[in-house]
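S.K.: Residue-level listing of the chains:
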Amino acid sequence: GAVVSQHPSRVICKSGTSVKIECRSLDFQATTMFWYRQFPKQSLMLMATSNEGSKATYEQGVEKDKFLINHASLTLSTLTVTSAHPEDSSFYICSARDPYGGTDTQYFGPGTRLTVL
Amino acid sequence: QKEVEQNSGPLSVPEGAIASLNCTYSDRGSQSFFWYRQYSGKSPELIMFIYSNGDKEDGRFTAQLNKASQYVSLLIRDSQPSDSATYLCAANFGNEKLTFGTGTRLTIIP
Chain F
1 GAVVSQHPSR VICKSGTSVK IECRSLDFQA TTMFWYRQFP KQSLMLMATS NEGSKATYEQ
61 GVEKDKFLIN HASLTLSTLT VTSAHPEDSS FYICSARDPY GGTDTQYFGP GTRLTVL
Chain D
118 QKEVEQNSGP LSVPEGAIAS LNCTYSDRGS QSFFWYRQYS GKSPELIMFI YSNGDKEDGR
178 FTAQLNKASQ YVSLLIRDSQ PSDSATYLCA ANFGNEKLTF GTGTRLTIIP
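Protein chains in written order, with our numbering: chain F, 1 to 117; chain D, 118 to 227.
Hints listed in this document are in silico derivations from the structure and should not be mistaken for laboratory results. Warning: the hint list may mix true and false statements.
[Stated by the list, open to error] Among the chain D residues that face chain F by a calculated CB cut under 8 Å, a handful are: (1) 149; (2) 151; (3) 161; (4) 162; (5) 166; (6) 209; (7) 217; (8) 219; (9) 220.
[Claimed, not checked] Computed footprint of chain D on chain F, listed as stretches where at least three residues anywhere in the stretch have a Cβ under 8 Å from a Cβ of chain D: (10) 43-52; (11) 105-112.
These numbers come from a predicted model, not from an experiment. Every residue gets a Cβ at the ideal spot worked out from N, C-alpha and C, and that includes glycine.
If we strip away everything but chain F, and leave its shape as in the complex, we get (with noise of 0.2 Å):
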């Protein structure tokens, strides 16, 4: 299958800080990735999807000046954490979509786990 890697898979921050985090597919290009959010025992949240060279459209509730997203390249898509709170500590996972799958199929990167003190 293809392969999505994210960097950095684990980031301890200050409150106030930003944080970004790279997902990049390695195998294919991209045109379309997305931005889950996963706190401890609780399913997938769709934050935002991203789609290469436009801005990317966020879910209802998901403050999209808090969480920047760019997708600068068919293979980049990079989330910024701005003044980062205790409250954003959560896993961060994105994902990417194979446009020649023929199915939507997404494959996801290894996730990055976000602590604010």
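Given chain F, put chain D in place with the hints provided.
M.R.: Just chain D now, with coordinates in the frame of chain F:
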């Protein structure tokens, strides 16, 4: 609202037996369906997808789709302790997004 529903479990199955995971969805227009496995603390990994009625087999895994009844299931034959995980069912409702169920926690008992 378009939804995907799963029994949260936990589902306990003896090693070597068949584990059966079920999922129902609300929209008859759904195009394709996916099963992901998620180990604790890890991200989901794709097991298989299905978009035609009937069965699709891949090794020890069989996905079954019944569009008339709006359910999709995953069978795991010869269950192993390494199959213990949360299994997520997802559906594509005609746009590029996937709608996920809440997941079923499966435990294989040695």
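S.K.: If a hint holds in the structure, say so; if it doesn't, say that too.
M.R.: Cross-check of the supplied hints:
no., hint, result
1, 149, "holds (5 Å)"
2, 151, "holds (7 Å)"
3, 161, "holds (5 Å)"
4, 162, "holds (7 Å)"
5, 166, "holds (5 Å)"
6, 209, "holds (5 Å)"
7, 217, "holds (5 Å)"
8, 219, "holds (4 Å)"
9, 220, "holds (6 Å)"
10, 43-52, "holds (count 4)"
11, 105-112, "holds (count 7)"
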